[in-house]
Structure formats: C-alpha cells, structure tokens
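**Q** Order-wise, the sequence lines are chains A and B.
Each residue of the first sequence is one higher than the last, beginning at 80 in the working numbering.
Each residue of the second sequence is one higher than the last, beginning at 80 in the working numbering.
One thing to keep in mind: the hints can contain errors.
For identical chains, the list gives no copy identity; a pair is met inside one copy or between any two copies.
Taking lysine-lysine and the DSSO-like style, the derived pairs with C-alpha atoms no more than 30 Å apart in a straight line are [claimed, not checked]:
1. K353 / K228
2. K447 / K114
3. K110 / K432
4. K356 / K110
5. K463 / K447
6. K387 / K432
7. K432 / K455
8. K387 / K112
9. K114 / K457
10. K457 / K110
11. K387 / K447
Source of the hints: derived by calculation from the structure; they are not laboratory data.
Here are the chains, one letter per residue:
There are 2 protein chains.
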Amino acid sequence: MDDAEKAWKSIEGGVAAPKGFHAVGVQAGIKYKDKYDVALIFSQVQAQAAGVYTRNLVKAHPLYLTQRHLHDGLAQAIVINSGNANACVGEFGDQAALAMAQTAAMFLAVPPEDVLVASTGVIGVEMPLDRVLNGIRTASAELLGEVVKGIRGQDETAADGAHRAALAIMTTDTMVKEYAYELPCSQGGVIHLGGIAKGSGMIHPNMGTMLGFLTTDANLPAAELQRILREAVDESFNMVTVDGDTSTNDMVLLLANGTAGVALSGEDEANFEKMVKMMCVQLAQDIARDGEGASKFMEVLVVGAQTKEDARKIARSICGSSLVKAALFGEDANWGRILTAAGYAGAEFDPAKVDVLLGDLIVAQEGKGVMFSEEKAKEILQAKDVQISLNLHSGEEQATAWGCDLTHEYVTINGSYRT
Amino acid sequence: MDDAEKAWKSIEGGVAAPKGFHAVGVQAGIKYKDKYDVALIFSQVQAQAAGVYTRNLVKAHPLYLTQRHLHDGLAQAIVINSGNANACVGEFGDQAALAMAQTAAMFLAVPPEDVLVASTGVIGVEMPLDRVLNGIRTASAELLGEVVKGIRGQDETAADGAHRAALAIMTTDTMVKEYAYELPCSQGGVIHLGGIAKGSGMIHPNMGTMLGFLTTDANLPAAELQRILREAVDESFNMVTVDGDTSTNDMVLLLANGTAGVALSGEDEANFEKMVKMMCVQLAQDIARDGEGASKFMEVLVVGAQTKEDARKIARSICGSSLVKAALFGEDANWGRILTAAGYAGAEFDPAKVDVLLGDLIVAQEGKGVMFSEEKAKEILQAKDVQISLNLHSGEEQATAWGCDLTHEYVTINGSYRT
C-alpha cells in the first residue's frame with residue numbers, strides 16, 4: 080500500500096500510544112542479568128479483547144489461562160515474561176501462570192480474570208517463579224507511577240516504558256519490533272493503535288514462538304475485534320516462516336479500551352481494519368527479517384491461484400523450503416527448487432503454466448526454464464531483500480509470505496539454545 | 080529384526096545378484112569428468128515390474144515416460160543418469176526421456192516400452208543429450224559383453240558392473256548404497272534380491288530426490304509386486320527425512336524376472352516380503368546417514384499411537400524439525416523441541432501422557448520434564464547414532480523414521496549446488 084493511500088500515519092509511543100494504555104519493562108534476571116524480561120501492558124479501564132493462539136497440540140501453560148481469562152472478551156492487563164516458556168512442566172506450570180496473573184492483579188487492583196499471561200523462552204524447565212513474581216511486582220509499581228504521571232499530564236516517559244516492554248518480550252530477537260499509528264476519524268477525533276511483537280527462531284505459518292500485543296483506544300466489541308484480528312493474523316503472522324517449526328507458546332492479543340471517545344463510522348472502521356492488518360504485516364515482516372542468523376529477507380508473492388488457500392500454501396511452502404533458503408543464502412538462482420517447493424505445497428495448479436520471477440527477472444515461463452542473464456540474477460540475489468514471484472495462471476487469488484535465508488549462523492544459534 | 084530371525088543372508092553382487100540380471104555404469108561426462116553417471120540395469124527376459132513415484136505435483140519428464148511404460152506391468156531394462164534431472168524443461172524433456180529409452184531399446188534389442196527411465200541432478204536445465212545417449216550406447220555395449228560372459232559362465236565381473244551402476248546413480252551421495260540377499264526356499268531352490276539407491280539432500284517422506292532400484296529372480300505377478308513395493312516404501316524410503324523437501328524425480332522400481340525357477344510357497348512369499356522391506360529399510364537408513372553435510376544419524380521411534388498414520392506423522396515431524404536437527408548437531412538435550420515437533424505433526428494424542436527418551440534415558444514423562452543426568456544425556460548425544468523414542472500411551476500402533484542433524488556443511492553444500 081502506498082503511503083498516499085493510507086488514512087493513518089506513524090507516531091511514537093508503541094503500545095502506550097493509545098489513550099489510557101501504559102506499559103513497562105523491567106529486568107527480573109529470569110535467564111540473563113541486564114536483560115529486560117518482564118513486561119506489563121495495562122489499560123486504565125476494562126477493555127474489549129481478542130486473542131489468536133498457536134495451533135500446536137502441545138500448548139504452554141499460560142495459553143490455557145489466557146484463553147480462559149479471555150472467554151468473556153474482557154481484559155485490563157497483559158503480563159509477559161521472556162527467558163522461560165512455562166511449557167511442559169505439568170501442574171507447576173498452571174500454578175505459575177496463575178500466580179503471575181494474581182500478582183499483577185493484586186498490585187494493579189484489577190480482577191485476576193482480567194489479566195492475560197504470555198511467556199516465551201526455553202520449554203520444559205520450571206520457571207524461577209520467585210524472580211518472575213518479583214519482576215511483576217517491580218513492573219506494577221513502575222506502571223502505577225506511569226499512570227499517575229499520565230493523570231498529571233507528565234506522560235513524556237510513556238514511550239520509554241512501552242519501549243522497555245518491547246525489549247522485555249525479546250529472546251533471540253536482534254531488533255525491537257514496535258509501532259504506533261494515529262487515524263483521524265471522519266466525524267472528528269483521533270484513534271490510536273500500538274503494537275509490539277517478538278519472534279525470530281522457530282517461526283512458522285501457525286505462529287511459531289511468536290508473540291504480538293496490540294492496543295487501541297478505539298471502541299469496538301470483542302466479537303468484532305476477534306474477527307479483525309483473526310483476518311489480520313492470517314495475512315501477516317501466519318505468512319511468516321523462518322524454520323517451519325510451530326511453537327507451543329504463540330499468541331497475538333488485541334485490547335480495545337474505547338478511551339478515544341470516538342464513534343467509528345463505516346469508513347473509519349474499514350480504515351481501522353486496514354490499519355490493524357498493516358501493523359500486523361509490518362511486525363510480521365520484521366520477524367522474518369530478524370530470522371535467527373538470517374542475512375537476507377525473502378518475500379514470496381503468488382498470484383493467479385484458484386483459491387486464496389492454494390496461494391497461501393504455495394507461498395509458505397517456498398518460504399519454508401530449506402533448499403530455497405540455502406540457495407538464497409548462496410545467491411544461487413535455483414528456480415527449480417522454487418517450483419519443486421510449490422509442487423509439494425499440497426495446492427492445486429498446473430505446473431506447465433507457471434511463471435517464476437526473481438525480482439523483475441523472468442527465470443521460468445510456462446513451467447520451464449528460459450534464458451536469463453546470470454549477471455542480472457546475481458545482482459538481484461545479492462540484495463538484502465529478495466522478491467520471488469510466481470504466476471500460476473490458474474485464477475484470480477493471491478498471497479504473500481515472508482521468510483529469510485538459511486545460514487551457518489542459524490545452525491550455530493540453534494545448536495546451543497537450551498544450554 | 081535379529082539376524083537369527085532372518086530367513087535370508089547377505090551376498091555380493093548388488094542388482095546383478097539375481098539370475099538373469101546384469102548392470103553396468105559408465106562415465107558419460109554429463110556434469111563432471113571421471114564420474115560414473117549413466118547406469119543400465121537389464122534382465123535377459125521380460126520381467127514383471129512395479130513402481131512408486133514422487134507425490135510432488137511437479138514431476139520430471141522421465142517419470143511420465145516410466146509410468147506409461149510400466150502401465151502393462153512389464154519391463155526389461157532401466158536406464159538412469161545422474162548430473163541432470165531432466166525436469167521442468169518442457170517439450171525437450173519429454174523427447175530426451177524418450178530418446179534415452181529408444182537408444183537403450185535399440186542396442187539391447189528390446190521394445191522401447193520395456194525400458195524405464197530415471198534421472199537425478201539439477202532441475203530446469205536441458206540435459207546434454209548427445210553425451211547422455213553416447214553414454215547409453217557405451218553402457219549397452221558393455222552390458223551385452225556382461226551378458227555374453229554370463230552365458231559363457233565367466234560372470235565374475237557382474238558384481239563390478241552392478242557396483243559401477245550403484246556409483247553412476249549417485250549425486251551428492253558420499254557412500255554407495257548397494258545390497259544383495261539370498262533366500263533359500265522351503266521346497267528347495269534359492270531366490271535372490273538386489274538393490275541400489277541414491278539420495279542425500281532434499282530427502283523427505285514423500286521421496287525427495289531418492290532413487291531406488293530392486294531386482295529379483297523370484298516369480299511374482301506385477302500386481303503382487305506393486306503391493307509389496309508400496310508397503311515396503313511406506314515403511315522405509317517414505318520415513319526418511321533430511322530437509323523436508325520433496326523432489327520432482329523420485330522413484331523406486333522393482334523388477335522380478337522369475338529366472339530362479341522357484342515356486343514360492345506361502346511361507347517363502349512372506350519371507351520374500353520381509354526381505355524386500357528389510358532391504359528398503361537398509362537403503363533408506365543409508366540415505367539418512369548420508370544426509371547432506373550430516374554428522375549424526377537419528378532414529379525416531381514412536382509407540383503407543385492410536386493409528387499407524389499418527390505414529391508416522393509424529394516420527395517424521397520430529398525427524399524433519401530444523402530445531403530438533405540443530406539441537407542434535409549441538410548435542411543439546413532439548414526435548415521440548417521434540418515434544419513441540421510432535422505437537423504440530425497434525426496427529427492426535429494427549430500431550431499430558433507422552434514420555435520422551437533419548438536412547439534409554441527418560442527426559443520427559445507424562446508431558447513434562449523429569450530430572451535427568453545431563454552427563455548421561457551428553458554421552459548419548461555425542462554418539463554418531465542417536466535414538467529418540469516417544470511413548471504416546473494412547474494406543475497400540477508404532478512407526479520409525481530416520482534422519483540426520485542440520486550442520487554448517489548442509490548450508491554450504493546447498494548454497495551452491497546449481498552453479
């Protein structure tokens with residue numbers, strides 16, 4: 080989408096940009112010293128809320144709690160820790176997730192049922208609960224300070240708190256993923272949207288170790304939020320693949336507290352929807368760029384598919400192919416591997432009709448190789464961002480997926496993550 | 080299976096071990112000098128034949144020809160080249176595959192419809208057909224020499240020819256995959272089975288760049304051979320995964336020429352079936368061991384599944400997980416990744432019931448981590464062969480899959496394969 084087409088603009092403030100939201104991050108020493116590892120996001124009033132979760136059969140303990148607490152479509156705070164996934168540790172894990180919610184609830188004076196919990200990190204190891212709860216206490220105190228400052232009109236530090244929250248949810252991430260937009264409404268007034276995300280390794284269509292938290296001061300019912308979030312996630316986070324593994328812990332949450340006091344007209348709501356989708360795409364692309372050990376970013380565009388699902392399957396299959404990823408790393412114009420990955424995607428198409436492009440260079444037409452300039456191909460593949468396009472010539476549907484190359488660095492990072 | 084249980088024994092001779100079969104390999108200079116790259120397998124009499132092919136939607140040109148020529152369940156020769164996949168090159172590819180069959184047919188004096196064709200190598204580049212056909216001519220001449228020597232009782236070189244055929248089908252393989260067995264029958268007489276395979280990179284359940292050729296002098300109808308081969312492939316080649324990519328070129332063929340002149344009783348036929356399965360498993364394990372850049376061999380055993388298909392899905396999912404593979408490389412007892420890969424396999428099970436073992440060391444029980452000796456785990460993971468077992472405690476079915484670790488070497492090899 081061109082900038083000119085956008086009804087909104089980028090602003091500072093991350094998840095604390097929307098009115099009535101505050102966020103902080105603190106260092107609790109869960110896995111490392113001097114690393115922000117506990118984040119707290121808080122709305123001054125109870126908010127409508129929506130959530131999308133991993134499809135992995137093995138789910139981390141906080142997911143069950145969050146799903147339960149979101150059952151009524153209402154929430155007021157999100158507490159997140161990195162450094163430990165709180166997954167596969169049995170009864171202890173359920174109790175730990177509950178303790179995290181209760182501790183935040185007590186300090187923030189909200190019902191425990193309105194606190195959502197997320198964790199990311201190593202699986203199968205009991206979290207150091209004392210440190211986590213201490214972190215939540217510190218974060219709560221700091222957050223209440225932010226609230227007071229906000230009430231006094233001294234909220235110039237709000238963006239700092241939100242930024243520290245963005246830092247606190249990171250694990251092997253090398254860059255902060257944080258955005259905020261402002262949307263002027265047709266009947267006057269402005270609504271805001273903030274978002275942070277984490278993810279680098281183990282990223283896959285069905286949301287491998289990916290966390291995303293969005294806040295808005297728009298006024299929408301939970302059911303509507305849920306639909307908007309679901310659609311946005313399907314076109315963004317679920318189209319990112321780094322290594323094909325789907326995590327036990329992934330979730331994306333969206334809280335809307337209505338504090339902007341703006342009634343959304345039809346057009347505004349359409350813009351709001353687009354804005355949410357755009358922010359999810361931006362966060363998702365950042366995750367692909369930040370793939371563990373990645374040196375290149377890959378965008379795969381599939382057009383001319385019979386169904387949207389076919390286009391998605393093919394785009395994700397290409398992005399997830401170890402051979403395509405290794406060829407990208409080696410800057411090798413191996414379009415045969417691209418077509419091969421399309422072929423095992425489980426989608427319907429006629430291989431004899433497919434065109435393949437690297438950037439704007441046609442490398443295969445109607446399913447077979449064409450003469451192309453190896454020099455031009457090399458130039459395209461040497462760039463940090465590489466676009467691969469397929470036209471299936473079988474229909475009108477399309478989809479885009481994002482990924483990265485497979486590097487020596489990936490092997491090094493993942494050969495020694497746990498220990 | 081213990082040696083004592085086996086009704087057959089290993090012998091020399093590869094695919095030329097069964098009576099009436101001959102094989103040769105020659106150097107045609109298709110991609111490299113001094114590399115065997117054209118193989119010919121020939122039966123003196125028309126044989127019953129069965130074939131199993133890749134499930135990739137994008138299929139190489141020789142696959143269509145071979146499927147067509149096998150339609151009647153009869154074949155007499157197989158011609159194979161490495162160095163070029165003859166895939167995705169349009170009309171030229173179909174003509175090239177046909178020319179390969181016709182050339183072999185002319186020199187060997189058999190109908191072209193009784194010649195099967197297989198290719199492996201780079202995709203999307205027209206093969207140097209002159210060189211390939213020259214190679215087939217040379218191979219045919221050499222093979223006829225072998226036949227004559229065989230008739231004269233001077234067939235001591237047969238094993239050499241078969242070995243060169245095994246060499247000729249290799250690409251990035253680092254070791255020859257060649258076996259022969261001899262089965263004494265209950266009513267007297269002996270039947271033989273020979274087999275060769277290639278495969279290292281791009282290996283996946285649905286037979287990524289994997290070729291297998293089996294010969295036997297047993298007497299079985301094509302339909303029965305087809306059933307036996309299908310079942311054997313499902314439990315062997317389709318349970319190997321190196322990098323999750325499924326190739327355009329894969330096939331496994333089985334020819335039975337009946338030359339042993341033995342009538343198979345019920346017990347013999349059961350033994351024959353077991354023998355075919357065992358050879359396929361042995362070849363498949365060799366492929367996993369030879370995974371591109373692999374430093375370790377992984378066997379994943381899943382027991383206690385509700386259905387066979389569930390057990391297979393989970394075993395393959397674990398073997399194919401980049402994160403499990405990288406952890407294996409790093410000798411990191413990261414059982415959380417094992418459970419995670421089981422969780423996204425698309426199979427049904429209760430995560431709270433699962434036990435995970437590394438070798439004989441229990442690392443997780445009832446879905447959660449247990450205290451285990453890191454020292455013992457390290458010792459198990461430092462071995463060249465590592466067994467991972469899961470007990471789902473949900474049923475009676477089981478399956479085994481084979482794979483390898485993900486190494487720096489894999490990235491290097493696949494970053495520069497085409498050029």
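**Q** Does each hint hold? Answer for all of them.
**A** Now for the hints, and whether the structure bears them out:
1. K353 / K228: neither (32 Å within a copy, 77 Å between copies)
2. K447 / K114: Result: close only across copies, 27 Å inter versus 51 Å intra.
3. K110 / K432: between (52 Å within a copy, 28 Å between copies)
4. K356 / K110: neither (33 Å within a copy, 49 Å between copies)
5. K463 / K447: within (27 Å within a copy, 41 Å between copies)
6. K387 / K432: Close inside one copy (18 Å), not across copies (37 Å); limit 30 Å.
7. K432 / K455: Within. Shortest intra-copy distance 24 Å satisfies the 30 Å Cα cut-off; inter-copy 55 Å does not.
8. K387 / K112: neither (46 Å within a copy, 47 Å between copies)
9. K114 / K457: between (40 Å within a copy, 29 Å between copies)
10. K457 / K110: between (42 Å within a copy, 22 Å between copies)
11. K387 / K447: So K387 and K447 pass the 30 Å test inside one copy only (24 Å; across, 39 Å).
In this structure, the hints that do not hold are numbers 1, 4, 8, in rising order.
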